[in-house]
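Colleague: Could you slot chain Y onto chain P? The hints should help.
Spelled out, the chains give:
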Amino acid sequence: MDKDRIVEEWKLLYELGIAISLTTELKKLLHVVLTAVTIGDGLGFNRAAIFLYNRPNNTIDGVLGVAPDSIQEATTIWNNLKNLDIRGKMASWLLNEINIEAQRSSNFNKSISQFRINLGKDTVFKNINQKQAFIFDLSNLGSDDEIFRELQFEQFAFAPLISREQPIGVIVADNFYNKRPITQDDIDTLFLFANQSAIAIENLMSIETYKNMSKRLIEEQQNLIHQKHIFNLGRAVADITHEIKNALIGAVGFLERARKISDSDSQISKYLDIVKKELNGVYNLTLDINRYAKGQNKSIKKQFDLEKLILETIETVNSINSPNINFVTDLSEFAKYVYGDPDQIKQVLINLMKNSTEAIANKKGGFIKISTYKEDKFIVITVEDNGGGIDIKFLPYVFKPFYSTKSHGTGLGLSIVREIVQEHNGVISLDNFVGIGAKFIIKIPNIMEEEKNEKKDNGS
Amino acid sequence: MKKKIMVVDDEDSIRFLYEEELKDEGFDVVSYPDALSAIDDFDNQKPDLVLLDIAMPKMSGLDALRILKEKSPNTPIIMSTAYSHYKQDFSTWIADAYIVKSPDLTELKEKIKELLKLNA
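From first to last, the protein sequence lines stand for chains P and Y. Here numbering that gives the first Met the number 0 is used: the first residue of the first sequence is 0, the next is one more, and so on. Here numbering that gives the first Met the number 0 is used: the first residue of the second sequence is 0, the next is one more, and so on.
For reference, chain P alone in the conformation it holds in the complex:
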């Protein structure tokens, strides 16, 4: 490279550097960079594209391509530029004269901006880790590089964008229209320019991420304030309607009594009827308001991962028991999901496991076995132990509240279990083997399955 050329290159990079450093918006920066790569007084390529490395997905995503759509358009642009003397004022030209919308509407940009490839594929993009620029041709392409063949990149410059030693993407450029061969000087300059651009792109990306995050935070904060406001309002409404309702119950109740002892044909009785009707209206209004103000705080049923819940619950139970209990599981993949309130089902499992734990305490070879399977329209969960079973004389009372054979129990465990199962429209039964063990069997309707079948029926 001769001395004049080096000075020229240095001047050019200096001008481009000013343009880049004065750009504060990422989208515009990408246009500035690619315009600089494609204008005759800049790096002089015919077409250029930026691809960015998407680290979380390990993909290369096309973000922008700048190129005229036809040789006619290219010639027009070049002729116009020839008449413009932009030497020495390149920076301000780049900052002020780029027609962003026109550049975006090119077919070339449409192809590039829709492009995405995984780096696990056979692709030339694997070279983004290299700390140098290349002149590639068709022989360098991988088998998954259709985009280069489709866009007819026969010979092209490939300049990785490296910022703080990390690849953040790549600039690809070629001379599609005038077929001018790419020289080593071209890519040397492009590589220097790419490095300069990479730092600016990364900085603006960080700023953009930060801006988005703080915007989201502000939105969320406002949301929270709003929710808190609604929540307080809901509480106030509930308190007020409670008071009104209680007052009305007394009022209407005694009104009714007064009406009963008054002569049914009398004026008084008629007036009382009217008062009662009006008060009933207010009473029904409070019911409606309450119904509306509630809505939360109920049991929340949904399709959930039963297998995961069982394993978690075993862990919970084991974490409060030492030494660990010997749990055996036999969980069917056909009973992996169930429709219900996970918190309540967990309560069921904990209560049953707790009982079994006490039954097998101090017993050699004691175990608790949890099984799941599908049976007709039910998901079945069984909890069984070899703790000797339940004495036959206690059997009628096992689900009774406050009935306990233990000195410390509340006697509520199994009655809660039964209530929850019933709440789920399920059934619970007990297989008791005196001297061997007990097995609780819970059947919960497999609601998802029914819905699916209904859909199938409708479809046929």
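No wet-lab data here; the hints were simulated from the structure.
Every beta carbon over 10 Å from chain Y, so not counted as near; a handful from chain P, in silico:
1. ASP3
2. PHE107
3. GLU149
4. GLU201
5. ASP262
6. LEU330
7. ASP390
Selected chain P positions facing chain Y (Cβ under 7 Å, derived; list incomplete):
8. HIS241
9. LYS244
10. ASN245
11. ILE248
12. GLY249
13. VAL251
14. GLY252
Below are the DSS-like pairs computed for lysine-lysine, each with C-alpha atoms no more than 30 Å apart in a straight line:
15. P:LYS363 <-> P:LYS345
16. Y:LYS3 <-> Y:LYS22
17. Y:LYS2 <-> Y:LYS112
18. P:LYS300 <-> P:LYS438
19. P:LYS300 <-> P:LYS227
20. P:LYS125 <-> P:LYS109
21. P:LYS368 <-> P:LYS307
22. Y:LYS116 <-> P:LYS392
23. P:LYS259 <-> Y:LYS110
24. P:LYS275 <-> Y:LYS112
25. Y:LYS108 <-> P:LYS259
26. P:LYS109 <-> P:LYS120
27. P:LYS392 <-> Y:LYS45
28. Y:LYS108 <-> P:LYS269
29. P:LYS259 <-> Y:LYS22
30. P:LYS276 <-> Y:LYS110
31. P:LYS392 <-> P:LYS368
32. Y:LYS57 <-> P:LYS227
33. P:LYS276 <-> Y:LYS108
34. Y:LYS3 <-> P:LYS259
35. Y:LYS68 <-> P:LYS353
36. Y:LYS112 <-> P:LYS276
37. P:LYS259 <-> Y:LYS112
38. Y:LYS22 <-> P:LYS276
39. Y:LYS70 <-> P:LYS353
40. P:LYS269 <-> Y:LYS22
The C-beta atom is built at its ideal place from N, Cα and C for all residues, glycine as well.
Modeller: Structure of chain Y alone, referenced to chain P:
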């Protein structure tokens, strides 16, 4: 012999309404404005059924429910409240019935008769 019902409710007019209506139905009624005095008098009165409000100052009906059920598991207890959401609360599940307060006492009277096995 007349069956005895213990009414616990902090609202004076509601308590009085229950008293009057239940007496009309032929029950003996003893009533208390708070749970503590009801619990104190429970062994003395030996009611056949308890009608218990939930939201009360000093001691809530939920706490009273537990204490009364421990004292006498076989005495039926009806929870009565303006809110229906307590139905989902575990702690009410040990009650024998759950009534949402209303000026129309038909449902309450039916439940009482059902629990005292007075239905024909």
